[in-house]
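Each chain, written out:
2 protein chains.
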Amino acid sequence: MLKKGELVSFRPDIKVVDCTLRDGGLVNSFFFTDDFVKDLYQANIKSGIDYMEFGYKASKEQFDTSKFGKWKFCDDQDIIDVVGDNDTGLKISVMADVGRTDFRRDICDKANSPIDMVRVATYINTIPSALEIVEYCSKKGYETTINIMAVSKSNDMDLDDALELIGRSCVDTIYIVDSYGSLYPEQMRRLAEKYLNIADKYGKNIGIHAHNNQQLAFANTIETLTMGVSYLDSTVSSLGRGAGNCPTELLLGFLKNPKYHISPLLKFIEQHITKLKEEGLIWGYDIPYLLTGRFNQHPRDAIQFMKEGRTDYKDFYHFLYDKEI
Amino acid sequence: MLKKGELVSFRPDIKVVDCTLRDGGLVNSFFFTDDFVKDLYQANIKSGIDYMEFGYKASKEQFDTSKFGKWKFCDDQDIIDVVGDNDTGLKISVMADVGRTDFRRDICDKANSPIDMVRVATYINTIPSALEIVEYCSKKGYETTINIMAVSKSNDMDLDDALELIGRSCVDTIYIVDSYGSLYPEQMRRLAEKYLNIADKYGKNIGIHAHNNQQLAFANTIETLTMGVSYLDSTVSSLGRGAGNCPTELLLGFLKNPKYHISPLLKFIEQHITKLKEEGLIWGYDIPYLLTGRFNQHPRDAIQFMKEGRTDYKDFYHFLYDKEI
Numbered sequence: 001m002l003k004k005g006e007l008v009s010f011r012p013d014i015k016v017v018d019c020t021l022r023d024g025g026l027v028n029s030f031f032f033t034d035d036f037v038k039d040l041y042q043a044n045i046k047s048g049i050d051y052m053e054f055g056y057k058a059s060k061e062q063f064d065t066s067k068f069g070k071w072k073f074c075d076d077q078d079i080i081d082v083v084g085d086n087d088t089g090l091k092i093s094v095m096a097d098v099g100r101t102d103f104r105r106d107i108c109d110k111a112n113s114p115i116d117m118v119r120v121a122t123y124i125n126t127i128p129s130a131l132e133i134v135e136y137c138s139k140k141g142y143e144t145t146i147n148i149m150a151v152s153k154s155n156d157m158d159l160d161d162a163l164e165l166i167g168r169s170c171v172d173t174i175y176i177v178d179s180y181g182s183l184y185p186e187q188m189r190r191l192a193e194k195y196l197n198i199a200d201k202y203g204k205n206i207g208i209h210a211h212n213n214q215q216l217a218f219a220n221t222i223e224t225l226t227m228g229v230s231y232l233d234s235t236v237s238s239l240g241r242g243a244g245n246c247p248t249e250l251l252l253g254f255l256k257n258p259k260y261h262i263s264p265l266l267k268f269i270e271q272h273i274t275k276l277k278e279e280g281l282i283w284g285y286d287i288p289y290l291l292t293g294r295f296n297q298h299p300r301d302a303i304q305f306m307k308e309g310r311t312d313y314k315d316f317y318h319f320l321y322d323k324e325i
Numbered sequence: 001m002l003k004k005g006e007l008v009s010f011r012p013d014i015k016v017v018d019c020t021l022r023d024g025g026l027v028n029s030f031f032f033t034d035d036f037v038k039d040l041y042q043a044n045i046k047s048g049i050d051y052m053e054f055g056y057k058a059s060k061e062q063f064d065t066s067k068f069g070k071w072k073f074c075d076d077q078d079i080i081d082v083v084g085d086n087d088t089g090l091k092i093s094v095m096a097d098v099g100r101t102d103f104r105r106d107i108c109d110k111a112n113s114p115i116d117m118v119r120v121a122t123y124i125n126t127i128p129s130a131l132e133i134v135e136y137c138s139k140k141g142y143e144t145t146i147n148i149m150a151v152s153k154s155n156d157m158d159l160d161d162a163l164e165l166i167g168r169s170c171v172d173t174i175y176i177v178d179s180y181g182s183l184y185p186e187q188m189r190r191l192a193e194k195y196l197n198i199a200d201k202y203g204k205n206i207g208i209h210a211h212n213n214q215q216l217a218f219a220n221t222i223e224t225l226t227m228g229v230s231y232l233d234s235t236v237s238s239l240g241r242g243a244g245n246c247p248t249e250l251l252l253g254f255l256k257n258p259k260y261h262i263s264p265l266l267k268f269i270e271q272h273i274t275k276l277k278e279e280g281l282i283w284g285y286d287i288p289y290l291l292t293g294r295f296n297q298h299p300r301d302a303i304q305f306m307k308e309g310r311t312d313y314k315d316f317y318h319f320l321y322d323k324e325i
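Taken in order, these protein sequences are the chains called A and B. Mapping the first sequence onto the numbering used here, position 257 (from 1) lands on 257, and the numbers just tick up by one. Mapping the second sequence onto the numbering used here, position 87 (from 1) lands on 87, and the numbers just tick up by one.
Because the hints were derived from the structure by calculation, they are not lab data. Mixed in with the good hints there might be a few duds.
For identical chains, the list gives no copy identity; a pair is met inside one copy or between any two copies.
Claimed, not checked - Only pairs whose alpha carbons sit at most 30 angstroms apart, straight line, appear in this in silico DSS-like list of lysine-lysine: (1) K275 x K307; (2) K307 x K267; (3) K4 x K275; (4) K194 x K4; (5) K153 x K4; (6) K259 x K323; (7) K314 x K256; (8) K277 x K140; (9) K67 x K46; (10) K194 x K256; (11) K153 x K3; (12) K267 x K4; (13) K277 x K307; (14) K323 x K46; (15) K15 x K314; (16) K267 x K110; (17) K314 x K38; (18) K3 x K277; (19) K256 x K153; (20) K67 x K256; (21) K38 x K70; (22) K110 x K15; (23) K110 x K307; (24) K267 x K277; (25) K3 x K194; (26) K314 x K277; (27) K275 x K3; (28) K91 x K4; (29) K153 x K307; (30) K314 x K267.
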């Protein structure tokens, strides 16, 4: 097995990417209060987080701006209102979904933008479109990533071809994404080995974005980082769609780089996350997500089940099972 | 790395040990309703679970029987009232803590008892006393285990000596116990390798009992089982002290042996576990447990913090930190 670094040392190449607003926005339609966003920005700076993802650059043609909070669209001015000239060590990231972004209109020259990195989310069959966005953003001066979603549904040959294609592009970082939270550490390590081989060949970074359906988001993240994966997505208290993501507080507890501090993040959790829970926002590990994860299915049925306040887990299991046969 | 079995196959040597009553009893002082216990027994049988641990054989001299439910003492007759002659594939287990059991008085011949296995929990410095109980129980006809607690606090040389001593005894199974939920998969694999070497040398089984302080109980369990660990402790919905244990429903989702069925367990969760939560019983992963786990400390401060309904995580972090320096 590949191994990079020791448990007691730290790797300076590690980057923690806070996706709380972006993945969390999928839970509350991006309606975060301004205080939440400003306090998160400050907490991230104090905690030594490397990137903060503010949300999506989603198309205003396709999505009704009155139905979503501003972080689905991430106008540069909205980011500037929070970060000013961002004279800090924290870089700013946004995500663009293939087919759901007017990137030529909405992404300007990096010189005029507070954004440092554009991450492009794609399924395996839309990689040429993803590369088009990456080439555009790279020329505009941004760091770029390609995040291949739902990789647990892809076959090995397609994935190999896709990784070669991406490897030859100008993208900086390629992400392993366990969209359905269905992958076990053993499978994650095999994937990481595959991605890291491409990284070595073409001089890329590899990132990981894990979901917590089987309480494996943190385990999968640290297992692959031990092998050389260096861009680590996490969210405060797992906030994210369905079972949520790798919790930043667990990740910072593991990382040994003295630049990281857990304490400001704990303060943020006290002030903001407990309130979200009290207000009834639903996310985080629960039985229905375990079941969709186990079946390697999209979490949408589990999210609906939770919204309806149902607890007939056995029936839900058989409902999911029936979809497979 | 040692490897036994494949992800798609199953190992017939695997045994799932349900510790819901025993570890869960530490949360509610063993006051389970009779319906809870009877339904759990039936669910375990239907789910293909291998052992059900009913609780402790605790000393009635040392503990006030009016302050605990009956499963802290596990009188044979109380077990018989649930299982009759237990004409099933499910074996019955109890735990005896070194120094807290009147084993000579309370553990009779196996021929006259519904119990199949006695598990002896010990710290590393009381292993001779643990071996005394094991020798006694083994002669009485029981399967036996030794569970070395708080192994994350032991030094390697002491542990090597202890494992040699236990290896030469008549015990059947030796348990890795991550009492504080502080061990990462990489550390767990190293421990498992050490224990499995002893198992090979002396013909023992190795078991694992994990805690979920860092959301790693399931990951650590499946990582070590992949290496050859075969006795797997779990509890329904993690029910157990502090952050709880490896959730049985996740474990059954992973195991490929067709004897295991998740559906009866899901029914049990619907009927009983959701009610316990509604009644205010507190267990399962939360920030305070993550922090004691990270500091490799006993969870008692975190349990107290949760009981008091506190959410000042940052202060709690500094309180734990101050205890270390």
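Exercise. So which of the earlier hints does this model not fit?
Worked result: When the structure is compared with the hints, numbers 3, 8, 9, 12, 16, 18, 20, 23 and 27 turn out to be violated.
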